[in-house]
Every structure is written in structure tokens, then in C-alpha cells.
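Please model the entire structure based on the sequences and the hints provided.
Going down the list, the protein sequences come from chains A and B.
Counting from 1, position 63 in the first sequence corresponds to residue 63 in our numbering; the numbering is continuous, with no gaps.
With positions in the second sequence counted from 1, the corresponding number in our numbering is that position plus 107.
Calculated from the structure, these hints are not laboratory results.
Wrong hints could be hidden among the right ones.
[Said to hold, decoys possible] Restricting the straight-line Cα-Cα distance to at most 20 Å, the calculated cross-link-like pairs of lysine to aspartate or glutamate (EDC-like) are: (1) B/K226 to B/E236; (2) B/K156 to A/D25; (3) B/K156 to B/E170; (4) A/K81 to B/E154; (5) B/K226 to B/E160; (6) B/K156 to B/E227; (7) B/K209 to B/D178; (8) B/K156 to B/D146; (9) B/K156 to A/E83; (10) B/K161 to B/E227; (11) A/K81 to B/E160; (12) B/K226 to B/D185; (13) B/K161 to B/E236; (14) B/K191 to B/E173; (15) A/K81 to B/E189.
Here are the chains, one letter per residue:
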Amino acid sequence: MNNHLNDEQLRQLVRQSWTASPRADAGFRAAVWARIEAGRRLPATWSAWLKANLAGVAVYAAASIVVAGTGGGLLATNQAKRERDQLIQRYVASIDPHQRANAQGNP
Amino acid sequence: MSYRWITAAAILAVGLVAGCLTYFCFHRPMPDAEAHGHDSLMWVRQEFKISGEKLARVEKMHEDYELICADHCQAIADARKELKRLRDANAPQAEIAAAEAKAASTDLLCVTSTQAHIKEVAAVIGGDEGRRYLSIVLPRVASFDHAAPATLDMQKTSTHDDPARK
Chain A
1 MNNHLNDEQL
11 RQLVRQSWTA
21 SPRADAGFRA
31 AVWARIEAGR
41 RLPATWSAWL
51 KANLAGVAVY
61 AAASIVVAGT
71 GGGLLATNQA
81 KRERDQLIQR
91 YVASIDPHQR
101 ANAQGNP
Chain B
108 MSYRWITAAA
118 ILAVGLVAGC
128 LTYFCFHRPM
138 PDAEAHGHDS
148 LMWVRQEFKI
158 SGEKLARVEK
168 MHEDYELICA
178 DHCQAIADAR
188 KELKRLRDAN
198 APQAEIAAAE
208 AKAASTDLLC
218 VTSTQAHIKE
228 VAAVIGGDEG
238 RRYLSIVLPR
248 VASFDHAAPA
258 TLDMQKTSTH
268 DDPARK
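What follows is the structure, given as C-alpha cells:
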């Protein structure tokens, strides 16, 4: 366990041999104040934030609507086409004896 | 949660709603055939918007032809079974050739009969819609590969004239 005498010797040794010389950051103070100011400027409500960023939000919202709308439309069109094809096939199978014979598993 | 994340979630939600709306606007579901007692004529009724006397005629023709189709189906099955029986039994080539010729003539009769029925229905529908009906239905019968199970693939070629494949 260390005693006080040893601690004192260590302190003196550190004072003599360890010298820290940090470089001064010229922009440090400005950066701190900039962050403080940014915090002050942050709108208190979401709607106020939206108003402040309306242009960007509008672009993303429009892109989202266009992409999702196109996707939904394509999906619906494909599904309708598939359903129609199935109905046509059912009709054709009802009047084509070959398809009936094949459906019944004849060689 | 920051406003940025709330906004991103809101934009996603808006996109989802837009996608669902477009889907339901564009999707016109065909009536469910299962709910209509396997009504095979439903597509013709829906697609060509026929009604009244025309519809009655088409329905009658379809009903009548379904019976003929069943007979043809039976004839095709019998011809194929006979051909298979002869081949399995290693029957004389002449007998096999005769059975093949009979199968081919049965096939030809069925195809001709089906195509004639399709053309009659097209004539009853009439006009551009009749021609459209013909352009949709006829290739599906003509190009159907009768050596394989039913498919929607329109690229297959006809094998009606090739009884050896059956």
C-alpha cells in the first residue's frame, strides 16, 4: 500500500518530468457557441420543424408517393392480368377436348 | 426521437397509403369463379359485356358444345389408350400405324370442331369484340401443346399433326 511520503515523491516526479503542452484550438469557442445557438434555434414543435424544412420534406414525400404509387399500380395490373389469364384458361379448357383429356391424366 | 425520424416515418406512412390507394384503384378483381359454381363462361360474359339475346345464344352454344367436347375428350382418351396398349404389347407395326392414324384423325376432328365452335361464338359476339374474342381464344387452342398438361404459355407449338408424340 502506498504511504503519503511516496505519494509526495510521485507528485514531484510527475511535476518535473511530465509537461503537457496542448495546442490551442482556435475554433473551439466558436464551435461551442455554434452548437448552443443551434440548440436555441431548434423549433419547439414538429410542425414548426416541418415548416422550417418544408422544401426537403416535400421532395422526399413526393418521391415516396410516386414510387409507392407506381409500385401499387404495377402490382394491381399484374394481378389483374394473372386473374384474367386464369379465367381465359378455364374457359378454353372447357371447350378444348385435348386439354380436358390431358387434365384427366390420359397418356 | 428527433424530428428527422418522425418525419421519415410519416413519409413512409404516406407512401404506404399512396401505394395501397393506387393498388385498389387499379385492381379490378375478376369475379371469383369459385363463388360462381366454376362458371367457365364467366370470362366471356365479363370481358365482352354481352347480355340479353346474344348472351343467351352464347350460353346455349357453350352448353351444347360442352357435351360435344366431353364426347371428343372421351374419343381422344380412348384413342390414346388404344395406342398405348398396342405399343406396350409390341403389336405389329401395321396395327400401331392404324391406331396412330385413328388418333390423328380424332385429334383433327376435335381441333376442327373446337375451332368451328370458337368462330361461331365470335360471330354471335360480332364486330370488333368478336374479332378480339377470336384473337384471344383461337391461339390458345391452336398453339396448345396437347402432349403436355394445360398451360398459359403461348409460345408452344401445335402438335396436332404429330400423333407419334401422344
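Practice item. Against the structure, test the hints numbered earlier, and report the numbers of the ones violated in rising order. Key: 2, 11, 12, 14 and 15
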